[in-house]
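K.L.:
Starting from the structure of chain C, add chain R where the hints point.
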Amino acid sequence: AQSVSQHNHHVILSEAASLELGCNYSYGGTVNLFWYVQYPGQHLQLLLKYFSGDPLVKGIKGFEAEFIKSKFSFNLRKPSVQWSDTAEYFCAVTRSQNAGNMLTFGGGTRLMVKP
Amino acid sequence: DTAVSQTPKYLVTQMGNDKSIKCEQNLGHDTMYWYKQDSKKFLKIMFSYNNKELIINETVPNRFSPKSPDKAHLNLHINSLELGDSAVYFCASSPLRGGYQETQYFGPGTRLLVL
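In order, the protein sequence lines correspond to chains C and R.
Quick note: the first sequence uses our numbering, first residue 1, plus one each step.
Quick note: the second sequence uses our numbering, first residue 1001, plus one each step.
This is chain R alone, in the form it adopts within the complex:
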């Protein structure tokens, strides 16, 4: 009965590789997000999608490409991984159009380590 799930939980890879992180929500929500938490625990939004449409794209390098095949899934593909991409990536979802009064529900996070 997991609400927001992410795979994989841990990802260790070499610099220059391409990797994907998957996110799925079974809450019936329309809007999904990706956040990055750095080594100092600072959380920052990366993207949000509403019903497969990109809403927020916060100055993220174009090596990062979100893909939303349907409103229940928002995957994050990262090309040419760099050391600075090492972080915990959290997926989240909210019910409707991502209005500013909606509560976001977070997934368990994917810990990415780039060597």
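This is chain C alone, in the form it adopts within the complex:
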């Protein structure tokens, strides 16, 4: 079955610490990869996306992610987190084989940054 896995369900960091959130998907073929962020009480916002080309993509707010095809991974990174990064982070995938643009989401990672 298609799946997107985010292994870290809860992450707690202090400000200025480095962040890496894992994301793995379980199917082959052409995929497109996304990271969305959901701040408390707010809607989902796109952080970054990968369609093709350079596997290291840079997004908003200093976030970046690296697509490693051989590992079926698309991990999210940030060198130095801030308190305002406290949020829920979702990895998501679309596949060329899908009839429509169906985003399949991972289970989310809740990040808490301590001031």
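In case anyone wonders, no lab produced these hints; they're calculated from the structure.
Don't be surprised by glycine CBs; every beta carbon is placed ideally from N, CA and C.
There could be a bad hint or two in this list.
Stated by the list, open to error - List of simulated lysine to aspartate or glutamate pairs, EDC-like, C-alpha gap at most 16 Å:
#1 C/LYS114 - C/GLU15
#2 R/LYS1040 - C/GLU88
#3 R/LYS1036 - R/GLU1102
#4 C/LYS49 - R/GLU1102
Claimed, not checked - These stretches of chain C come out as covered by chain R in the derived footprint (C-beta under 8 Å, 3 or more residues):
#5 44-54
#6 102-114
P.N.:
Below, chain R without anything else, positioned relative to chain C:
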């Protein structure tokens, strides 16, 4: 200048009632979606419409009926509400035919609580 808007923001109702959630996008997009986020923050697609035509219908009970009067609106009607329908419902849109490389833009969500 809201891009994707939903009404109402909160909806509290009794089991067995029928309710509707409205979604409107002013981005000029052709494709719209409904997602359900459960209490564990797990996000799953329900429906997508392209230019008023149903594209995706993901094993959702037929108590849920989407209606798209025009391409800027996608409403969700729910009959005979059940406790398990309590969730946050997100509307989203994407530019063209819902191709797998299109970014989806999300609304603020409607928090439904069924008592």
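K.L.:
Now tell me if each hint is right for this structure.
P.N.:
Checked hints:
| no. | hint | in the structure |
| --- | --- | --- |
| 1 | C/LYS114 - C/GLU15 | holds, 6 Å |
| 2 | R/LYS1040 - C/GLU88 | holds, 11 Å |
| 3 | R/LYS1036 - R/GLU1102 | violated, 20 Å |
| 4 | C/LYS49 - R/GLU1102 | holds, 10 Å |
| 5 | 44-54 | holds (count 5) |
| 6 | 102-114 | holds (count 7) |
In the structure shown, a violation is registered for the earlier hint numbered 3 alone.
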